[in-house]
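*Asks:* Chain by chain, the residues:
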Amino acid sequence: MSVLHIDDLRTSLTLNGRQHHAVREVNFRIEEGETVAVVGESGCGKSMLAMSIMGLLPSIAVVTDGHVVLEGKPIERESERQMEAIRGARIGMIFQEPMTALNPVLTVGEQIAEPLRDHLGLSRSEARRRAIALMERVRIPSAASRYDSYPHEFSGGMRQRVVIALAIACGPRLLIADEPTTALDVTVQRQILDLLDMLQDDGRMAMMLITHNLGIVAAHADRVVVMYGGDMVESAPVRALFRNPAHPYSRALLASLPRVDRDLSELASIPGRVPPLTRLPDGCRFIDRCPHAMKICQALPPRVPVADDAEHEVRCWLHVEGSGRDASAG
Amino acid sequence: MSAAAPVPAGAAGRTYRPGRTAILIGATIMAAVLAAAVLAPVLAPHDPYAQSIATRFRPPSAEHWLGTDGFGRDTFSRILYGLRVTLLTAFASTSLALVAGTALGIMSGYYGGTLDRWISAANDLLMSFPQMVAGIIMVALLGPGVTNLILAIAITAFPAFYRMARSAALALRGRDYIDACRVLGYSDGRIMLRHILPETMDDMIVVGTLWLATAVRTESSLAFIGLGAPPPAATLGGLVREGFDNLLEYPGLAIWPSLMILLIMIGLNLIGDGLRDSNDPRASA
Chain G
1 MSVLHIDDLR
11 TSLTLNGRQH
21 HAVREVNFRI
31 EEGETVAVVG
41 ESGCGKSMLA
51 MSIMGLLPSI
61 AVVTDGHVVL
71 EGKPIERESE
81 RQMEAIRGAR
91 IGMIFQEPMT
101 ALNPVLTVGE
111 QIAEPLRDHL
121 GLSRSEARRR
131 AIALMERVRI
141 PSAASRYDSY
151 PHEFSGGMRQ
161 RVVIALAIAC
171 GPRLLIADEP
181 TTALDVTVQR
191 QILDLLDMLQ
201 DDGRMAMMLI
211 THNLGIVAAH
221 ADRVVVMYGG
231 DMVESAPVRA
241 LFRNPAHPYS
251 RALLASLPRV
261 DRDLSELASI
271 PGRVPPLTRL
281 PDGCRFIDRC
291 PHAMKICQAL
301 PPRVPVADDA
311 EHEVRCWLHV
321 EGSGRDASAG
Chain P
1 MSAAAPVPAG
11 AAGRTYRPGR
21 TAILIGATIM
31 AAVLAAAVLA
41 PVLAPHDPYA
51 QSIATRFRPP
61 SAEHWLGTDG
71 FGRDTFSRIL
81 YGLRVTLLTA
91 FASTSLALVA
101 GTALGIMSGY
111 YGGTLDRWIS
121 AANDLLMSFP
131 QMVAGIIMVA
141 LLGPGVTNLI
151 LAIAITAFPA
161 FYRMARSAAL
171 ALRGRDYIDA
181 CRVLGYSDGR
191 IMLRHILPET
201 MDDMIVVGTL
211 WLATAVRTES
221 SLAFIGLGAP
231 PPAATLGGLV
241 REGFDNLLEY
251 PGLAIWPSLM
261 ILLIMIGLNL
271 IGDGLRDSND
281 PRASA
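Protein chains in written order, with the numbering used here: chain G, 1 to 330; chain P, 1 to 285.
Think of the hints as simulated: they come from the structure by calculation, not from any bench.
Output of the computed footprint for chain G on chain P, the stretches with three or more beta carbons under 8 Å from beta carbons of chain G:
1) 172–178
2) 183–190
3) 195–201
Idealized CB from N, CA, C, for every residue including glycine.
Extracted from the complex, chain P is given alone in its bound form (with noise of 0.2 Å):
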């Protein structure tokens, strides 16, 4: 490329970034989070599903550093394991929704006509559902597993992510270059996919950052009342349930992984915001 780089519109001369110390903050917490999760079977000093009524209850220790559970498994094994299977149900249900809403949004808005009412009435059905009460429904449809679970979810997701590219679309789609495209002869499939879907992806990954906060909260709220993955598979909110049953005697069996899950909501909304605040041409002016 030649000496002249592109610079973003109005970016030139500026150093300041707005969001960019939030973006900084939250990566390393997710990095650190991911690197937990990925290594966990290197840094588990235990096995998260080795039962031993010898160890019950324990506290927290030099052998067990979070203490043990009612079944004497080690509660820091657990964590990262369940750090795994949370995590893992987030992304796979929040790429699962950002993909299918992202496509079909950008149909709607682009076609407009029957088929965007089909879709926008059935995507306002599913709105009209508070997002745990959707998922709720969702579970108890498509009954217990973590395939089913991350499915839910995704349906649970999915309308925030169809409703900000419907709406991109639908704006870019009257813009005199989609029409210069449309007079070049490029068919609507090209259109879509090479001016309006780059277009789109900036709202989107914010929109993804900040809904897979969401998920991980979906998907411990699911696992606290039962309706998560199947046990003994461990899952951060399938951690605070079973803590939750001795919260008096034992509070930090539920207190850990509730920590867990903050920090991950954190480290994301961080992200998200930061994302959201250096693309935002208002911000930065």
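In isolation and in its complexed conformation, chain G is listed as follows (with noise of 0.2 Å):
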């Protein structure tokens, strides 16, 4: 069973009095122990994906379609009380930014035990002793001195361990980081990682890694899933989607990926923009901006395997035998 399912997720929004997709048909699995990164553009829904997981969309939106599962029960439709006992306790969320993340006038200590005395109803003695093993366990050194330390006597590094800390307090089945790293500098960034590697190894935890960085992707995912104007485009284990991108956006994500072992005269780039919200092609999103755009892209399309691989699909009507053009194109 796996840990999450997104069944078909629809999420739209609300504006003026017409209905945007900010999240359409999005479909996909993490299995335990798994670590799924989801990667695309500022606006292509990642967040608004993690949003409508943990059920709390801004008021303007609202899941229309598809389910959310969650070890095999759908919870989209749970009242808000039911919500608040799944949030927190089984699924753990860590924020991009961890400089603001924390309340300033509460100790740390306080907020790492705050979960625990909420959610699993410690004793205030037993919440601060499992909230100082917790501290030791996001390696924060000398966790126990600590403990009555406020949030701007961290580092953002360290501050991070805390936000960790706190997201799995309460020992989530599944962790979504929201950009983790990204306000991080880059050698605090691979530490961070490697603990959210670690903690995951401890515990079988499953996550969802919301990313723009394929360097991250690369090293830290065992399945990709990218995005694109709310589309999920492509599906894929991270070694099929770098060695074989199967969908012109992704093949141009990770052609825009500058490398160290070529000569760089120019950083490669997309053309175009992302579409706002409000107007979004109904067909394929990524048709304005696609060098193989045909004239069926203008209908959505279907999701289908590449290359026989059932874990690979890809949503485009360039693998659609006889819609126009052959599979290999491009």
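Since each chain comes alone in its own frame, lean on the hints to assemble the complex.
*Replies:* Here's what the structure looks like:
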């Protein structure tokens, strides 16, 4: 049984009385102990997807179709009270910005102890003991003496460790990491990602890693979901995606990675920009920027397997036989 | 706690604290006034209600330190007892307004939407009346008596607290760590009580201190126009009013309680301004 199964999820935003699909027919699973990276540029629906899972959508957004299945049970229509019991206990989440994710007027220890008291009903002293153990587990040096420190006494990397300790405090089955290292410098990034890997191996926790850094994906993910304009355009094991990207957007994304072994006079980029939410095309949303755009692309492409690999799916007419062009084109 | 005791950001190594002198002076005044009110039964040389035709309008003497009024009652004793009623009314009404205003303000700011619109509209309606007018209307509606007086003053003070708490909650609601709280599955009640309320308290205490002074003034003003605690109860405003009848012949009767009101106002405003300055990060830059 998958820890998380996103089943044809659609999330719509209502703007000026009109519905716009911010997340459209997204479909993937995360197994126990697995890391699935969700990649895409800003505004592609990554964070909206995460918030759909957490049940914390803004008031103008609503899940219109599909299911979020957590450990075999659909949760998207649970009551707010039941969602409160799921959030923080069975799903943990880490944010991008560790500098502001902690309450400045409470000590870090109190903050780590709070979910333990709230979700697990631990006593004050027991929660304190467990919080110190958690601080040790996320490798905060001299944890016991730093229990009473305030967030401003911690560096960015250390604060992100505190945020991680908070997220894993109640032993969640799924950890959603929304760009966990974007705000950190490179050496600290590495430490935080290694820490996440280690924590995951400890507890067989599933992880959804939202990022736009393909280097992180290559090093830390098992599978990749590529999103564009709210669509899941490709889903593949990491190796398959890097060796044989099937969607024109994935190819363009990989081609724009600067490489250390090549002469670099100019950074490769994808022409055009992501269309705004209010003007997303009905069919393939990459149509305006795609070098292979065809007439049929005005209709929503189906999901098809790539090279007979059931693990590797793409949503593109190029890979549908008899749609005008051969799959190997481009 | 470890050797690294938490130091407020930016305060390290600085001994100068703005507002400290003001707070110290204000607190000394208020401590003395409060002590006088609490110890009134011990300190008062006479029964504040005992009338005596023989000792009407006595000038200050060793027997009657501030003289006596038209009923022969000892003015000094009546001021001490009046202090009790006035301070009790001010503290009770301000506390009531603080609690209700903070609770509703935080809920309005945090939830927003319809709840916020309705409470804010009612609040605006209340605020559209000048404070004294609102107080007069409330007393007129509720009728006489100390309890109703407290309620009336609390209602006129409510908007100040409500608006302060609402805007603080509104600002905090958008913070990342409040989002983080929701992601951790905390209930709205927990978030408001544990993560928003403590951060608004600094401001609320400053407003509370300043409004305490306003409540004293409101009580005195209402008493002066005859809408205060019913006689024979002594309140500072009531004493000023009683003295006012004979202002030209015996000015002391109105002046002494007025000076007491002034003293309380100075004390509370010094504390309030001092607290505000010491809490203002810009003032200590």
